[in-house]
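S.K.: Here are the chains, one letter per residue:
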Amino acid sequence: MTIGKMLLASAAIACVFGPAAALADTSGKKIALSNNYAGNSWRQAMLTSWDKITKEAVAKGVVAAADPFTTAENQATEQAAQIQNMIVQGYDAIVVNAASPTALNGAIKEACDAGITVVSFDGIVTEPCAWRIAVDFKGMGESQIEYLAKKMPQGGNLLEIRGLAGVSVDDNIHAGIVAGVEKNPQFKIVGSVNGDWAQDVAQRAVAGILPSLPDVAAVVTQGGDGYGAAQAFAAAKRPTPTIIMGNREDELVWWKQQKDASNYETMSVSIAPGVSTLAFWVAQQILDGKEVKKDLTVPFLRIDQDNLEANLKTTQKGGVANVEYSLEDAQKVIASAD
Amino acid sequence: MRISAETFRQIIPAVSLVLLLGAVFYMQPRAMSYTGLNLLFNLAVPIALATVAQMLIMSVNDLDLSMGTFVSFSACVAATYLQSAPLIGVAILLAAIAVYATIGMLIHMRELPSIVVTLGMSFVWGGLAVLMLPQPGGQAPGWARWLMTAKPPLVPLAIVASVVIAVVTHLIVSRSSFGVLVRGIGGNTRSVARAGWSVLGLRAATYALAGFFAILSGIALVGLTTSADANIALRYTLLSIAGVILGGGEFVGGRVSPVGAVIGALTLTLAGSFLSFMRISPDWQIGAQGAILIIVLGLRLAFNLFEKRRRTR
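Chains as they are written, first to last, in the UniProt record's numbering: chain A, 1 to 338; chain B, 1 to 313.
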């Protein structure tokens with residue numbers, strides 16, 4: 001009894017005087033990451049970021065645990081079972097990158113009913129009780145045209161490389177590009193191909209359409225296709241236009257080479273895999289009792305001429321430029337949603 | 001008293017389920033509650049129904065590789081037409097059952113390998129599902145949602161449903177004359193035909209019944225997930241086959257066990273949870289899942305050898 005009281009008292013003192021006093025509310029909370037797929041460099045980077053940031057947070061006592069779980073196969077039914085297991089395991093919050101926006105809703109509803117905070121990101125879910133950290137893909141498309149409008153006010157012909165047909169991400173980025181062109185009528189999309197977010201596919205597609213195109217001033221892309229486009233232009237012995245890059249390591253390396261050789265200028269934009277850490281902090285903030293809007297938007301990661309070298313240095317070979325978010329970043333994102 | 005070979009064969013699946021359940025309870029005592037059990041097993045209900053459907057097909061020595069896409073298709077129908085226009089929905093599902101019966105007849109009449117026909121059909125079902133729900137969505141019919149989230153007193157729904165499925169299919173397959181004939185086709189088609197039965201009709205009926213159970217699986221799945229997408233149940237093809245085999249069934253010879261199939265489906269679901277509670281790294285999880293399957297099947301194989309030796313003696 002007395003020992004218990006002493007423990008309680010010392011715990012209370014630790015709470016008052018401890019360095020993490022402001023965050024003590026969540027120190028006993030457990031957060032789980034439910035991830036549906038780990039088979040590409042983006043997802044690997046996402047998991048590595050999660051590991052790095054959450055291990056630090058657990059060591060500092062911000063939360064009690066932050067365990068990542070990845071389903072063995074990219075299937076919604078399996079992920080639903082995984083989420084239900086997490087409920088049984090007694091996690092306080094579940095951070096989800098969902099295999100399907102709708103097929104997990106039943107399991108997520110179960111979690112909410114059990115009093116668990118659910119935060120979805122990247123692959124978001126439609127269940128209203130969950131939080132959503134969505135990517136503004138449309139804004140990403142629009143920002144490309146805005147950059148080009150500033151760089152070449154006289155305008156010119158554009159070649160658009162799209163992603164995988166029928167996927168909503170492709171539609172959204174494309175809609176952004178179209179909206180940007182409408183606002184800046186000095187640009188004209190003269191050709192459009194599907195690059196499937198893969199360098200080899202993009203290269204083939206661009207090589208196929210190039211002979212039929214007039215002079216191309218710039219190439220707008222969706223990420224993972226800029227290097228392939230550059231190769232196609234080089235092979236066709238045409239002057240290299242301004243190709244927007246997508247933060248992949250091979251693209252950044254090529255850009256650096258061109259920059260050193262001929263002072264080539266462009267920009268690069270994509271989503272940082274570290275968005276998982278943003279979701280982690282948002283979940284922590286919700287557990288901490290903060291008021292958080294259900295729909296948040298994640299900023300995209302943009303690389304410009306002057307910070308290319310710095311980003312290239314931190315990007316792993318064959319990987320994607322990444323940024324990990326801190327608690328302060330999350331608070332900024334939460335505040336900007338109000 | 002010596003336990004007969006057949007009983008032993010039936011007991012293995014149940015024993016592996018109990019062992020696995022014990023391990024899960026030990027690791028996660030929280031699971032030992034009404035909600036805990038329900039959460040562990042409710043996603044096994046659609047898998048159990050799909051496994052029963054697969055078992056019916058396997059009892060006539062065939063294999064259905066379109067099970068996953070067909071369950072996805074029924075889930076899409078359930079989340080769209082069955083919810084908004086029940087009559088059209090029912091008509092579509094009845095048509096799907098008719099297609100299943102036709103496939104059964106086609107396979108029998110032309111002596112086609114069922115694997116090839118059903119693999120082909122899997123693209124048809126998948127395509128139809130995408131046509132119906134190009135984007136994930138739809139909504140579960142209210143009654144399906146009510147049924148799957150019902151909270152019966154004392155025993156959680158997942159367990160009640162599994163028992164009901166096991167009993168009903170046991171009555172059909174192991175106790176009715178229809179079931180005897182179906183298994184007879186698997187055992188010796190010619191003798192069934194010589195006895196004056198229409199193998200064509202029986203096969204068609206078996207396929208239709210399998211289609212019916214697969215549709216129930218799709219509806220149950222949508223009842224759990226609240227909405228569907230065209231790829232929702234792709235895993236069910238392999239899961240259902242593994243469930244039948246785990247439950248003591250065989251690929252040929254009409255040796256199937258309905259109770260075992262349901263237990264097999266529960267075991268497979270539980271194996272996934274077990275691995276997740278073990279905190280096995282995702283890189284190893286597929287391997288570990290495979291290992292559990294191999295261990296149980298290894299047990300079976302060892303037992304089959306043992307059985308054979310005892311017979312020859």
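The hints are simulated quantities; they were obtained by calculation from the structure and are not laboratory data. Just so it is clear, the structure is predicted and the values come from calculations on it, not from any experiment. Keep in mind that a hint or two might mislead.
Said to hold, decoys possible - Listed below are the simulated SDA-like cross-link pairs for lysine to any residue, each with C-alpha atoms no more than 20 Å apart in a straight line:
(1) B/Lys151 <-> A/Lys30
(2) A/Lys109 <-> B/Leu37
(3) A/Lys109 <-> B/Met27
(4) A/Lys55 <-> B/Arg279
(5) A/Lys109 <-> B/Gln139
(6) A/Lys55 <-> B/Leu147
(7) A/Lys52 <-> B/Trp146
(8) A/Lys29 <-> B/Gln139
(9) A/Lys30 <-> B/Gly142
(10) B/Lys151 <-> A/Glu110
(11) A/Lys52 <-> B/Arg279
(12) B/Lys151 <-> A/Ala114
(13) A/Lys109 <-> B/Gly137
(14) A/Lys30 <-> B/Pro156
(15) A/Lys109 <-> B/Ser281
(16) A/Lys109 <-> B/Met278
(17) A/Lys109 <-> B/Pro156
(18) A/Lys30 <-> B/Trp146
(19) A/Lys109 <-> B/Asn38
Stated by the list, open to error - Footprint (simulated), chain B over chain A, 3 or more residues, beta carbon under 8 Å:
(20) 76–85
(21) 239–252
Every residue, glycine too, gets a C-beta built ideally from N, C-alpha and C.
S.K.: Does each hint hold? Answer for all of them.
M.R.: Structure-based check of all given hints:
no.: 1; hint: B/Lys151 <-> A/Lys30; result: violated (28 Å)
no.: 2; hint: A/Lys109 <-> B/Leu37; result: holds (17 Å)
no.: 3; hint: A/Lys109 <-> B/Met27; result: violated (25 Å)
no.: 4; hint: A/Lys55 <-> B/Arg279; result: holds (16 Å)
no.: 5; hint: A/Lys109 <-> B/Gln139; result: holds (14 Å)
no.: 6; hint: A/Lys55 <-> B/Leu147; result: violated (42 Å)
no.: 7; hint: A/Lys52 <-> B/Trp146; result: violated (43 Å)
no.: 8; hint: A/Lys29 <-> B/Gln139; result: violated (34 Å)
no.: 9; hint: A/Lys30 <-> B/Gly142; result: violated (34 Å)
no.: 10; hint: B/Lys151 <-> A/Glu110; result: holds (13 Å)
no.: 11; hint: A/Lys52 <-> B/Arg279; result: holds (18 Å)
no.: 12; hint: B/Lys151 <-> A/Ala114; result: holds (15 Å)
no.: 13; hint: A/Lys109 <-> B/Gly137; result: holds (16 Å)
no.: 14; hint: A/Lys30 <-> B/Pro156; result: violated (27 Å)
no.: 15; hint: A/Lys109 <-> B/Ser281; result: violated (26 Å)
no.: 16; hint: A/Lys109 <-> B/Met278; result: violated (25 Å)
no.: 17; hint: A/Lys109 <-> B/Pro156; result: holds (18 Å)
no.: 18; hint: A/Lys30 <-> B/Trp146; result: violated (31 Å)
no.: 19; hint: A/Lys109 <-> B/Asn38; result: holds (14 Å)
no.: 20; hint: 76–85; result: holds (count 8)
no.: 21; hint: 239–252; result: violated (count 0)
Checked against the numbered hints listed earlier, the structure breaks hints 1, 3, 6, 7, 8, 9, 14, 15, 16, 18 and 21; every other hint is satisfied.
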